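Using the sequences and the hints, build the whole thing.
Protein chains: 8
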Amino acid sequence: MERNRLRELLEKVAGGKLDVSQAVERLRILPFEELDFAKVDHHRSLRRGFPEVIFCEGKTAEQVEKIALKIIGQGVNLLATRCAPELFAALEKKLPGAVYHRDAALFAVEQTRAEKVGKVAVVSGGTSDRSVSEEAACTADYLGCDTKRYYDVGVAGIHRLLSCWEEIRLADVIVVVAGMEGALASVVAGMAEAPVIAVPTSIGYGASFGGLAALLAMLNSCAGGVTVVNIDNGFGAAYAAAVICRKLHRSAGE
Amino acid sequence: MERNRLRELLEKVAGGKLDVSQAVERLRILPFEELDFAKVDHHRSLRRGFPEVIFCEGKTAEQVEKIALKIIGQGVNLLATRCAPELFAALEKKLPGAVYHRDAALFAVEQTRAEKVGKVAVVSGGTSDRSVSEEAACTADYLGCDTKRYYDVGVAGIHRLLSCWEEIRLADVIVVVAGMEGALASVVAGMAEAPVIAVPTSIGYGASFGGLAALLAMLNSCAGGVTVVNIDNGFGAAYAAAVICRKLHRSAGE
Amino acid sequence: MERNRLRELLEKVAGGKLDVSQAVERLRILPFEELDFAKVDHHRSLRRGFPEVIFCEGKTAEQVEKIALKIIGQGVNLLATRCAPELFAALEKKLPGAVYHRDAALFAVEQTRAEKVGKVAVVSGGTSDRSVSEEAACTADYLGCDTKRYYDVGVAGIHRLLSCWEEIRLADVIVVVAGMEGALASVVAGMAEAPVIAVPTSIGYGASFGGLAALLAMLNSCAGGVTVVNIDNGFGAAYAAAVICRKLHRSAGE
Amino acid sequence: MERNRLRELLEKVAGGKLDVSQAVERLRILPFEELDFAKVDHHRSLRRGFPEVIFCEGKTAEQVEKIALKIIGQGVNLLATRCAPELFAALEKKLPGAVYHRDAALFAVEQTRAEKVGKVAVVSGGTSDRSVSEEAACTADYLGCDTKRYYDVGVAGIHRLLSCWEEIRLADVIVVVAGMEGALASVVAGMAEAPVIAVPTSIGYGASFGGLAALLAMLNSCAGGVTVVNIDNGFGAAYAAAVICRKLHRSAGE
Amino acid sequence: MERNRLRELLEKVAGGKLDVSQAVERLRILPFEELDFAKVDHHRSLRRGFPEVIFCEGKTAEQVEKIALKIIGQGVNLLATRCAPELFAALEKKLPGAVYHRDAALFAVEQTRAEKVGKVAVVSGGTSDRSVSEEAACTADYLGCDTKRYYDVGVAGIHRLLSCWEEIRLADVIVVVAGMEGALASVVAGMAEAPVIAVPTSIGYGASFGGLAALLAMLNSCAGGVTVVNIDNGFGAAYAAAVICRKLHRSAGE
Amino acid sequence: MERNRLRELLEKVAGGKLDVSQAVERLRILPFEELDFAKVDHHRSLRRGFPEVIFCEGKTAEQVEKIALKIIGQGVNLLATRCAPELFAALEKKLPGAVYHRDAALFAVEQTRAEKVGKVAVVSGGTSDRSVSEEAACTADYLGCDTKRYYDVGVAGIHRLLSCWEEIRLADVIVVVAGMEGALASVVAGMAEAPVIAVPTSIGYGASFGGLAALLAMLNSCAGGVTVVNIDNGFGAAYAAAVICRKLHRSAGE
Amino acid sequence: MERNRLRELLEKVAGGKLDVSQAVERLRILPFEELDFAKVDHHRSLRRGFPEVIFCEGKTAEQVEKIALKIIGQGVNLLATRCAPELFAALEKKLPGAVYHRDAALFAVEQTRAEKVGKVAVVSGGTSDRSVSEEAACTADYLGCDTKRYYDVGVAGIHRLLSCWEEIRLADVIVVVAGMEGALASVVAGMAEAPVIAVPTSIGYGASFGGLAALLAMLNSCAGGVTVVNIDNGFGAAYAAAVICRKLHRSAGE
Amino acid sequence: MERNRLRELLEKVAGGKLDVSQAVERLRILPFEELDFAKVDHHRSLRRGFPEVIFCEGKTAEQVEKIALKIIGQGVNLLATRCAPELFAALEKKLPGAVYHRDAALFAVEQTRAEKVGKVAVVSGGTSDRSVSEEAACTADYLGCDTKRYYDVGVAGIHRLLSCWEEIRLADVIVVVAGMEGALASVVAGMAEAPVIAVPTSIGYGASFGGLAALLAMLNSCAGGVTVVNIDNGFGAAYAAAVICRKLHRSAGE
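Protein chains in written order, with the working numbering: chain A, 1 to 254; chain B, 1 to 254; chain C, 1 to 254; chain D, 1 to 254; chain E, 1 to 254; chain F, 1 to 254; chain G, 1 to 254; chain H, 1 to 254.
In case anyone wonders, no lab produced these hints; they're calculated from the structure.
Wrong hints could be hidden among the right ones.
[Unchecked claim] In silico lysine-lysine, BS3-like type, Cα no more than 30 Å apart, as pairs:
(1) G:Lys94 with G:Lys59
(2) D:Lys66 with B:Lys148
(3) H:Lys59 with G:Lys148
(4) F:Lys59 with C:Lys59
(5) A:Lys119 with B:Lys116
(6) C:Lys119 with D:Lys116
(7) C:Lys94 with C:Lys116
(8) G:Lys148 with G:Lys119
(9) D:Lys17 with A:Lys12
(10) D:Lys116 with C:Lys116
(11) D:Lys119 with C:Lys148
(12) C:Lys66 with F:Lys148
(13) D:Lys59 with D:Lys94
(14) E:Lys119 with E:Lys148
(15) E:Lys59 with E:Lys70
(16) C:Lys12 with G:Lys17
(17) F:Lys148 with C:Lys59
(18) D:Lys59 with D:Lys70
(19) F:Lys116 with G:Lys119
(20) E:Lys119 with H:Lys116
(21) C:Lys148 with A:Lys59
(22) B:Lys93 with B:Lys59
(23) H:Lys116 with H:Lys148
(24) A:Lys12 with D:Lys12
(25) E:Lys66 with A:Lys148
Here the structure is a predicted model, which means the values were calculated and not measured.
Pasting the structure below:
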């Protein structure tokens, strides 16, 4: 589109309908959002086939409803994270087609269904990490990845992890969710060939300092290839995983 | 090999040369390193075509030499990071073929040269981040990625980044290296389609607290898809990038 | 006045009505509040034409009412910040003329209206920063600045900021409000000619540590000329901005 | 210039020497640095009459020399901060005209001398803060401000500050430099009408934690209008002060 | 059991009912949980005669009930920690035989009663540490130790500790529970011959930072032989104490 | 008393009613609490004429009542701090003679009234520090000091402090209570001859980190002679002040 | 003196030699240091009979020499702390009469010798705390207190403290110096009647975090009456102790 | 002995050679070190057969020599930790019989050799942890434990640990030494029956914050029975291990 606008302007110059000085001035103030590089950004999520995402925390039901309806109106998919049950209760009737995942505290409105691209394994340590794990798994799912869950395979009983390792290692990206001492990320990365994205959780007490212990442990992982997202940021890990999966898909397709 | 050993043992059982009780006992204590799952780990780097890596910090010249010669003796490539100039000076004559990169503080011995797989862009904020950026870029290079450097494009002058954006955006993985406030990662991730791996550096003073400011900034990036490695861990970011590139390559190849 | 008192005393000495010893004693204990330097301080806000300010947090409705009525009784303007809706509800009827700004959580009683002096742009990253941004914008407004708001122009989509840059750059002072990684301050300061005052907000979770990540990022800004106020201190930034605007006004006027 | 290039291109279109498609393409990839908004940034310091600045810490003598000569070659003024005596010793002969300030650890090459614009008072607590204070004072001086120093007026003896207050209060901007508990900033801001920029220093030991105590104190100042820069960042405070002074000058001049 | 499975398989090989290739394949993928080393882990607590443990915090009544019934169904003892009174109220009727300890916030179902093995002394500083002390004491008791409590013997009145020292020193393991400055651990360890396990508690305010002060104090104990567990982790200390007591018992028995 | 018991025992030995071996044994196990050095501790508060003190936080009404009645039964004075209004409401009827101070959140039962010994000035910065200031002032009062309050004399308006300085300086001990940046302690100590005890308060937000900013500032005070207590520990400061006052009294009396 | 200057001025007014306007002007700008309240501060240390103090750290030999000679020239005593052996070596010949205490890293020039006032006990935990303990003890000594040292009586062997307790308890002020876990302060304060001033030291490693562990422990002391100074601030503790001793002396004397 | 002294005193009373009042007085001041409970402490290490220990860090060669000779003179064994090579070089000739362990940075003088009691396994993650591991292993050895080393078995290659697990699990106490993310402690404790003592090391960089990451990870271990010592405190872990081993020995022997 912006190319068209640029073309129109230049054609006016070429056709003598706009003199050069005026053209210089208009080009100089041409809003940046009209340029390709900006559009890329603006339309980035849509072009990837990713749904639009709303982060609900700190927003009122009215605000979420308004933004959601606007997105739905564009015919694209919608994903809304950090949506407490009470908030969804207030939204439910106004957003027909919205599917709520209580454990993940998110809801989605799928208007088109894309084929799955890439395999994501969400591996987590304890049952208490379930909420963050589900945020990651549901997000990866809605972002179009073929997602499998491997929960409660923490290092306190290393055999649990080993017993399902043959499956996990087939994933394109492994998301490891762990609280407390976060050791699971290192153990997984020590065995994996796939990229490992670690999500520290705020599960723990005392000297876990709200997830700081797990975060530091993951950043200091002695196993190569681990990258880390913010504490409890299951969404972010899944998003990064989905970006990699799309890349894989395109490389394969091109 | 371990399959062969297992086969031999079972053939002895099948042939009546080993009774069942003895076989049970030998299988039970069969070193785990002999099993497939372990070998996978042990040989992981080699199978990927990655060189063996030595982290030199805290090792004496003798220790590095010894490990290096052992690796070289196996005919595989070697990468040695965090190698101060003095350390390399002490090693140089004993490791013929070793190429030293002073800025990156690493050296490599390449005995086989693999074709390049995947494009990595290393983008950095200021000239002071050069050392970490070079560790990332050289590592990515030696791990087999087609690596390009875009240095000194920090957010204090956003136009510098924009002016080379068309090239950067073509990368398969973008490694962003930044100290001080680490804002570059967010700005890049806000525009990029590729996975972004952020490396906070310890560049700064006062309230940068040795890179903590940049680390926290990157973990809290408002732009989706950013994952983070430890402060100054250029190697780790490049390693993670190379893992993704190999994945891309295999997806494309399959 | 205190000059007059001093003169009177000295005239009594000169006229022989007060002996020297008594004068020495009275001068020695002359209350400091009577001296110029102290008065300056006491009347500082009023002389600038700034309203008196009440920080409501931690005060009861009775306390706020009492202080407010005393100020209003002096015929001067009043600004009351950090006033929760419930608190204002309890005060509303007792303070006729009080105008409440829910988003900014502040109310004002304007008894005289000063002409606007200086242009302040309040630029903010995300919609979640709205409350702090509004505290800054309303405060700047009531302190007599011509205030414009540029919200939701965070670095995750740099084009949004660029598209309204031509306007923002005309401000005399730019207040940048941002949470999470606080990168907006650096990007704005990298382009601005005006003084930039950065306000980190406590928006974020996990490793944002209540705004610490944004605070550290802003303090470490690689762009020159950024100064920083406390986390969530929209009022403080606006106050500092207004002080600069008054200075500009006087320089221009003198 | 970039306007000229744009004009040339458009004239070719108008003259039929370049067809519209080619023009679209060339405009689309026209480096952003060529556009006005970018140049504004690039030339920001020059247009303000500010010298170019080099931060020497972490740079070799060769690097500083190279950058310095390039700047000097453009005929503009140069300021180089955080330059240790040994570094300057290595540079001295190669940079004729360079004047070194040992206490401030900076040097300057003045090729043109601008008239002084605005008054800056640098107020500091103890003799140990001298180095940071001098960085601030010399920087303000070279950035074109009429700068006065008021050192060793810390709050342990409040009378020292009061005794020179009459002079300090006449400044357009007050830069307060203090280590240890940083209380000076609050006391000064409690009395001042001018904007106050506080610089915490790393002076202290034990629980000063490298300047953290002073930094936190200044950010929490109970006196309105204080803004803060990074620990030991005398340069940053002076730069911000100079930005305000230029603003004052232009307001006055327009 | 797993030995039996292995034996069966090998007998089939020996008997010619399974050919070697198939056997190799089945052995290679034999779940690790089936191997001895893994079973050890899985059955570790049971073999020691320790009850199975549920950490209730963050679990719903339904989840706890389900896990508890499964454990009870196996005929083994059950210990459930961090169980708030409301949670137990919801569980009480569904778990006949469950005994609740309000101060310790835990409940237990004892189906078999083991003889006591080893003496544990739980020593605590103030009455406010009671809850953590009781978690430690009840846990040690249920894990089969002969447990004695010595409460309110903090260092503010050293004579209280001294007056019951003759008894305390007879313990096989001493668990010291203390908040605030945690000095009790050092004083006890300075006098004790037995292993001392220190539990910092979150009791305190201000600069106790949720137990950090006590934790750091205990880690820095000048008295040899002190080991430390997480803040408020009475269970962990008792568990470690019980592990030592079992070791003592076996050494004595062998 | 314990001297009497010792005497009795020795008289039995001297009188041949107890043989030496038995005496050795009894002396060896004589509880330490019976010895002088221990009694000193146990009776320390009573001998000083200080009331017994209960720290109510974390105790139930029943617990406080029980302890309080026991103390009252001994005929001595009682002071109970950190007692919320609801807690006192539950206790009021059961503790006749108890006087509650809402601002200080403490109550006292005075059964004997000692003459006042020593002058304590409680100086505080802002109205928000009132609660801690009152805890300090009421405590000092009940511990027998002649206590004066100087509130709202913070450094943002240094003249307020100066105007009542002539009175403050007459105190034997000055307790300075301040939140935010805690600068008041330094200013007061810079002028005072009396010992200064500083109490940081948790008043503030953002980078005050719950009083940490004020605590660090006070510990780093550039003015000699400042000692510091825990955040919000008004009681502790008053207790230390009272200990000094008693010392003064005895020195004077001896 | 300043009274004399004031008297002179007023006598000139009384005598008609100075007219009232001039007198007003001169009084208004009369440096505050000339007024009583200021002099109090300025001469505070001298009037107490305290020597003038130089903090040498961060000062050059020339700077220390210059300040020292100026003080010596006034005939008063001098104390110079944090003076490394090399620094004193450079000063020794230029400051005849200076006595250096290597362990305390301080030197003094005593020109008049005051009688000792008050008893200070310096109690320390380990031999590694010697340097800070000596700074405290020597300082207390030079500030005129009758100072006794009780070293190496840490809580790892509580009997060592108890064995010299009878002497320690006779002190007017007890300064407790301890690193690592800092428990000694609580134990001493639990037994003492005298004011206890605690000095955390940076002795320790790992999680002592440069004295933070001891500092937090001391601030959280469960024993009443402990006040705390900065890490390693032996001087500050001794100064506060001496201030109390002088108070005692005056109370006794008046 | 002290019993004898007590007996003597009482016999004098019984024999009428000492009157009761004098006896009361002498008993009251009888040094506490003479009582049983104190002696226990004083002689604790010797009675256990443990050598006397010197912590050399921060001590001069003269100081170490003096203490060492005194201990050797008593005919007991000596262990001196944290002794740098240069320090030992200065001591070597003066302490005949001293054996230095360079990796462990400790030396010992064994004058009597006790039989080994209990098995300690020292398990460590990486080669960089060698120094701390050796401090632990040598200490355990000299404290009389039968000590085995299992180094370089970190979780980045879990098979290495598994392959020597059969041996490790036979230990009476397992000391786990690990830096970086410290995950090894959890993995080991998840499989072990023996008590596990974890030693975080300062190995790492960036966000390892000098061992803080490993320390927090270990304190938050999800595997039961882990207790933790200070960062790099190999000695402390070995000491605690030896205390347990002695307990085991006595239980077995009694």
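Hint by hint, where does the structure go against what was stated? Just the numbers, ascending.
none
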